[in-house]
Amino acid sequence: MQVMELKTTPEDLDSKIYKMFQLGARLVVITGNDLGNGKFEIIYHFSKGAEMTNIKIEIEENRQIESVTGLFPYADIMESELLDYFGIKVAGAKPNVFLEAGSGICTPLRKEKKPEEKPKATERPKVEDSPAKDLMSVVDKKLANKGIPKGGAD
Amino acid sequence: MATGTRISVVPLGAQHPVLPEPVALKLSLEEEKVVDVGITLGYCHRGIEKAAELNDFKQNVFLCGRVCGICSHHHTTTYVDVIETMMNIEAPERARLIRTIYSELERLHSHTLILGLIADAMGYENLFMQTWRDREIVMDLFELMSGNRVHYDVNQIGGVRRDIGYDMVKKIDKGMDALEGKFKILSKSYLNDPTFKKRTKAIGVLSKAEAHTYGVVGPTARGSDVPEDIRATGDSHYAAYNMLHFTPQVEEDGDIYSRVKVRVRECFQSIDLIRQTIGHMRDGPIAVRVQGKPNGEAVARVEAPRGELFYYAKGNNTNNLERVKIRTPSYVNIPALRYMIMGEEFAEVPVIIASIDPCLSCTDR
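If you read the sequences in order, they're chains A and B. Going from the first sequence to our numbering is simple: count from 1 and add 3. Going from the second sequence to our numbering is simple: count from 1 and add 4.
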């Protein structure tokens, strides 16, 4: 298998991908890579017979990239994966295809993200932080409305 | 869509008796005809790509085998191939031949599994049970060769972990004879049975142009007249396909029947390839010593039973890999399902789904 590596800029990406489309190549997959320091690498792997071509671009964290679904309609799932796993913004990509919305897991393949520390089992939540505090204030208010002073009937 | 027609939405899955694995389909029906399909994935997501970054690169061989229970050997083969390419290691010839035997046996058990499930999806229970009964020959061979029926874990970086002895070779040869005889009888039901043909011909059609547009791979593509087979066209140094003679099996019609026909013929082809491989077996080492740590980038691909399986890996000269990307064949075949189902009757949907041999645990990883 022959593998060609091609580095390009996000501005030039469209023309390079259109060239692959004209050659009749098949888009195998789009790979995202977190390079750290807020930069991401995106690789478009193309296949034509025994040859493979990898087109690479490097982008800043907040930059939105153009979608390739106009030429390769099956790329939508790959672009959704970039969004789900890395938080890379792709025009028109649908979120939460692989990760459930509201599950608390977002952009798991980013490098700098460390797993959150779980509270130790021995630590008890303080009363001031617990929802019971709000409940007590509601009870106190109700009692005050009835003319009963805070802290009990007597 | 004519105005005034009533559309009913029927959910199929995520848990449904016809689906071996969970995927949610939302079918919009106009009377009995499917007019739109929505597919929701992700029910089997286990975060294997992330786990592969946290493990030692040698441990990942076992992790990658766990991506899928049906094509586990192909996953490990692609992973060891990508690392071997990165580290410039070439596995010895005997190891490559052993990998080929496992690969072809796995293709046999995967194809017989899905052929049985296609028969089951259309209510042909008898054919389903007979196919799965004969599949046991392959499963028993796996148990004999590796000690396991599903996850064989024979691959290691630089070769294989278990040799195939002379007695085993004889048993494999005998098993292939038995399977060929039994499968010749079964294939008549798959290819000539009028009921089977009625449920599969001109249904779930994906034309050659559509196969290109939606980028399908494997038997799904070959059933639509796309002669793409990585064993023949791609990189063949992962196994010994460059020493064997075969041509990709192609059908023109693009319907369920074509896909079934391709799989039936590939079963016979796999039996032939195993015999050819056995003929090439010579004594020799089964693994080479691996030194150093992976550095740089590499890609590898393998023809798994469902189609092209692709791995990308990036090393950073440590024991842990920077990134492992897995693209499985069902990842591109499942979205194309939408275009096969649209316009068909509701009753045909289970058979169309089974005909592409979807693997959800592969797709979600």
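No lab work stands behind these hints, which were simulated from the structure alone. Glycine included, every Cβ here is placed at the ideal spot set by N, Cα and C. It cannot be assumed that every hint is accurate.
Stated by the list, open to error - Distance condition first, Cα-Cα at most 20 angstroms in a straight line; then the derived EDC-like pairs of lysine to aspartate or glutamate:
#  : chain 1 : residue 1 : chain 2 : residue 2
1  : B       : Lys202    : B       : Glu140
2  : A       : Lys59     : B       : Glu326
3  : B       : Lys54     : A       : Glu103
4  : B       : Lys62     : B       : Asp40
5  : A       : Lys92     : A       : Asp143
6  : A       : Lys114    : B       : Asp60
7  : B       : Lys186    : B       : Glu256
8  : A       : Lys114    : B       : Glu36
9  : A       : Lys114    : A       : Glu64
10 : A       : Lys114    : B       : Glu57
11 : B       : Lys205    : B       : Glu256
12 : A       : Lys114    : B       : Glu326
13 : A       : Lys51     : B       : Glu140
14 : A       : Lys92     : A       : Asp17
15 : A       : Lys42     : B       : Glu94
16 : A       : Lys97     : B       : Asp40
17 : A       : Lys51     : B       : Asp229
18 : A       : Lys19     : A       : Glu54
19 : B       : Lys202    : B       : Glu129
20 : B       : Lys54     : A       : Glu44
21 : A       : Lys42     : B       : Glu256
22 : B       : Lys30     : A       : Asp17
23 : A       : Lys114    : A       : Asp79
24 : B       : Lys188    : B       : Glu140
25 : B       : Lys30     : A       : Asp15
Stated by the list, open to error - The following residues of chain B were derived to be distant from chain A, with all beta-carbon distances above 10 angstroms:
#  : residue
26 : Val22
27 : Ser193
28 : Asn299
**Message:** With the threshold set at 20 angstroms, check whether the alpha-carbon distance from Lys30(B) to Asp17(A) stays at or below it.
**Reply:** Outside the cut-off at roughly 33 angstroms; violated.
**Asked** Can the restraint linking Lys97(A) and Asp40(B) be considered satisfied, given a maximum Cα separation of 20 angstroms?
**Response** holds (18 angstroms)
**Prompt:** Can we trust that Asn299(B) is non-interface, i.e. its beta-carbon lies farther than 10 angstroms from all of chain A?
**Reply:** holds (15 angstroms)
**Request:** Below or equal to 20 angstroms on CA atoms is what counts here, so check Lys114(A) against Glu64(A).
**Result:** The hint holds at about 13 angstroms.
**Asked** Has the given pair, Lys114(A) with Glu326(B), been kept, meaning a C-alpha gap of at most 20 angstroms?
**Response** holds (9 angstroms)
**Asked** Can the restraint linking Lys114(A) and Asp60(B) be considered satisfied, given a maximum Cα separation of 20 angstroms?
**Response** Measuring from Cα to Cα gives roughly 17 angstroms; hence the hint holds.
**Message:** Does Asp15(A) sit within 20 angstroms of Lys30(B), going by the straight-line distance between their CA atoms?
**Reply:** violated (38 angstroms)
**Prompt:** For the pair supplied as a hint, Lys54(B) and Glu103(A), is the alpha-carbon distance within the 20 angstroms limit?
**Reply:** holds (17 angstroms)
**Message:** Hinted pair, alpha-carbon criterion (20 angstroms max): Lys92(A), Asp17(A). Please report holds or violated.
**Reply:** holds (16 angstroms)
**Closest CB of chain A to the CB of Val22(B) still more than 10 angstroms away** = Consistent with the label, Val22(B) stays out of reach of chain A, its closest Cβ about 23 angstroms off (over 10 angstroms).
**Request:** Sort out whether Glu256(B) lies within 20 angstroms of Lys186(B), counting only the CA atoms.
**Result:** violated (27 angstroms)
**20 angstroms Cα cutoff - pair Lys19(A), Glu54(A)** = holds (16 angstroms)
Consistency with the previously given hints fails for numbers 1, 4, 5, 7, 8, 13, 15, 21, 22, 23 and 25, ordered from lowest to highest.
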